[in-house]
Amino acid sequence: MDNDDFSKRFSPGFCLIPREDGIPRAIIPQNSPGSYIEEARTLAASGGRFLGLWAAGDPEPRICTAFLLREGLIVLVLPLNLPEDPQTFPSLSSFLPAADRFERTVRDLFGFVPEGLEDSRPWISQGLWTVPPLASPPGTCIPETPTPDLQEYPFVRVLGPGVHEIPVGPVHAGIIEPGHFRFQVVGEKVLRLEERLGYTHKGVDGLFRGREIAAGARLAARVSGDSTVACSLAFAQAVEQALDFSPAAGVRFMRALLLERERVANHLGDLGALGNDAGLGFGLSQFTRLKEDLLRRNRIHFGARYLFDVIVPGGVRANLDDKAILDLLEENRLLAAEVGDLQKIYDDHGGLQDRFQNTGVLLPEVARRLGAGGVVGRGSAQAWDLRADHGGDPYRRFPPALALAHEGDVAARVRIRFLEIQESLALCRALLEHLPEHSIAEPLPDNPETAEGLGIVEGVRGEVLAWVRLAPGGVIRAAHIQDPSALLWPALEVVVPGNLVADFPLINKSFNLSYSGHDL
Amino acid sequence: MAVEGAQLVLALVAAPILTGWIGVCRAVLSNRSPAGLLQPWRDLVRLFRKETIIPEGTSFLFRAVPFLVFAALLSCVLFVPFLVTDPPLAPVADAVVLVGLFSLARMLMAFGAMDAGTPFGDLGGRREMMVGFLAEPATLMILFTASLWSRSTSLPAILHSLLGAAAPFHPSLLFALLAFILILLAENGRLPIDNPSTHLELTMIHEAMLLEYSGPLLAMMEWGSQIKLLLYLLIGTDFFLPAGLPSSLSPGALGAGLLFLSAKLLMAGAGLALIETLFAKLRIFRVPEFTALAYLLATMGFLIHFVLEV
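Listed in order, the protein sequences are those of chains S and Z.
For the first sequence, our numbering gives the first residue as 1, with consecutive numbering after it.
For the second sequence, our numbering gives the first residue as 1001, with consecutive numbering after it.
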């Protein structure tokens, strides 16, 4: 579909402009709750994937809803300083079930009430505040909402003979992030799983307010440690779009390289952990070794093991000389061979495949309805990958193949990870061989007036989204980072029932969602 | 008296070292640097130095269970011949009593776990009882197969008959050995039935029962499990590799016997580590298939005795 058709179907007077650094991204302001909900309905009905919903508070309260279409990214913005009651907004949950938790989060943090949302329970709030911390104006109470109480969170219970509850977490026996899972089980079989998150809430949206761009970039890099490159890059893209700045080709290549290194490191870690959770400690030892080697090379060539703060708005903070490029190419070759060997071991291991196959099946139809993307979505036949679809410059020249599986079980997600490692390594090889001379971070232009920008990146788990609103002088008025985990946690809830309790850790690991990226 | 004391001390000292040896083998097999033979001993010492924390709402049972379990397993040490052919409690050293004592220890452990009233204790206790009741018939069948030569389930009698048998190789015992390996894995919470090194509370069997224990009480439970594993390996060597076990108490014979014993345990431990490295954990509902296979093998051994060996 070309752009003319596209703009006719949606808001008049706007079009998605192709960009050098990624997919087209547009912000569409709405002037009434009615048009907001109509537009959202149209986007959802015409194949748009709901990616997230967030709010901004004082001094310009607004609700933002993101949709990803094949043509590009669209964010609907509903300002709340309208003549009508400024504290409410229409809920999208009637036709977008995935919006439920996002809207509850907005209610907890900002006190804006989603009208028509059936679930009145808190989500991100653990009962530590009585007044929404980002309320607009500050100190406003949520009308008619009872004070949330941590002890009394009403989980949905299953009743019947032999049914009992297993609460797990938020403190776990292993050293992992905190989250609570409430199982309703009969014998070993799970009847229902409900999650309770928010234990790593740190007020990121509030912390962005009033920061300089550089400080904001540091914060964005720390939203979810294992996706620091994706978060930094999305944030940098958003700032660059707001300032109408286009990074040089060398910078784009380096950023793509860093993103793939992050993906490979995470996939290696996940594959090892998946073997270990099925009782094959050998897998963990081997993949941990490979991951550790990669991280150490990151430290040598980029100055940080997990690549914190290497990507900044305006450029990158690393350069590669010829020796480094040769070293990375050699690493690339060895890694591809070793991962190939290990894949053969995993594939041929009867016991492992018995645990992986038909465990935690996410049916393609369910994945589509929930809008699942990333590794989880691609394991369930959802063919979305920003790099393969319509990435910016380096991806267009060296397009990685889309990894896709249809079974939707743990085995499919394992296979997707193996495929993506090899694709990422091939892409890294191409990038290293064609790396243009590049400049390190360039100074950003100034913005005379308030400007808004969006960024979206295919991170390890799926699309990482960033939105930023800049006041004149490069001060952040409001910003938001949206990790794909928020969309995928509900998918985990759907997948687990019907499986054995003892298989949950394996299924959970095959999703490997971020708690920190969700709780913000 | 001397043999009693020696057997007890040896089992108490050697059990953690055997676990340490299995750990060393596992580490080497998966390219990790091992923590050393003495790591289980270091862990035990550390735990014994810690304070004991008793969870709220537990009864005296919770506190009593580690002592009872430890006592039950320690008395098993006196049943099994491993220093000389006649163990200290030779007159009552019956294989069925031994199985009963192991069951008692298991049951007590499950009670202790359920006493705390946590979901994980229940989960672990429930799963442990399931594995136990599936494994016990096979265990008995193995013992019966081994006792066919001696016409007695007394352990020293079985040992004497095997040591003095005319034929050095018994096909029936080969099947019993295969069954015994499966049962050893199931009864001691090893892979592929249970993963002793996991931290995933939802997948645990044995470890889930210990989650509420801490300090010296935990140390006793751990030590007890290590002794149980040692006992299983000792029973295995008695039945399937009895060569080298001295029948007299002379120092020379004892020394040679100890050398043989260590060599056999090191081999068995390395074999166990190899199995644990190669296999992934079974889905919990595959455990019945696993134990059924053990029962089948033991029964085949039993029948083969009458077909080939009588």
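Hint data in this document are derived by calculation from the structure and do not stem from the laboratory.
Don't be surprised by glycine CBs; every beta carbon is placed ideally from N, CA and C.
Where hints are given, some of them may not hold.
[Said to hold, decoys possible] Which residues of chain S face chain Z? A few of them, derived with a C-beta cut under 7 Å, are:
no. : residue
1   : Ile166
2   : Gly351
3   : Leu425
4   : Ala426
5   : Ala502
[What the hints assert, rightly or not] Computed from the model, here is a short list of chain S residues facing chain Z with C-beta under 10 Å:
no. : residue
6   : Gly174
7   : His180
8   : Phe418
9   : Pro505
Starting from the hint list further up, note which numbers the structure goes against and sort them upward.
Failing hints, ascending: 3, 4, 7 and 8.
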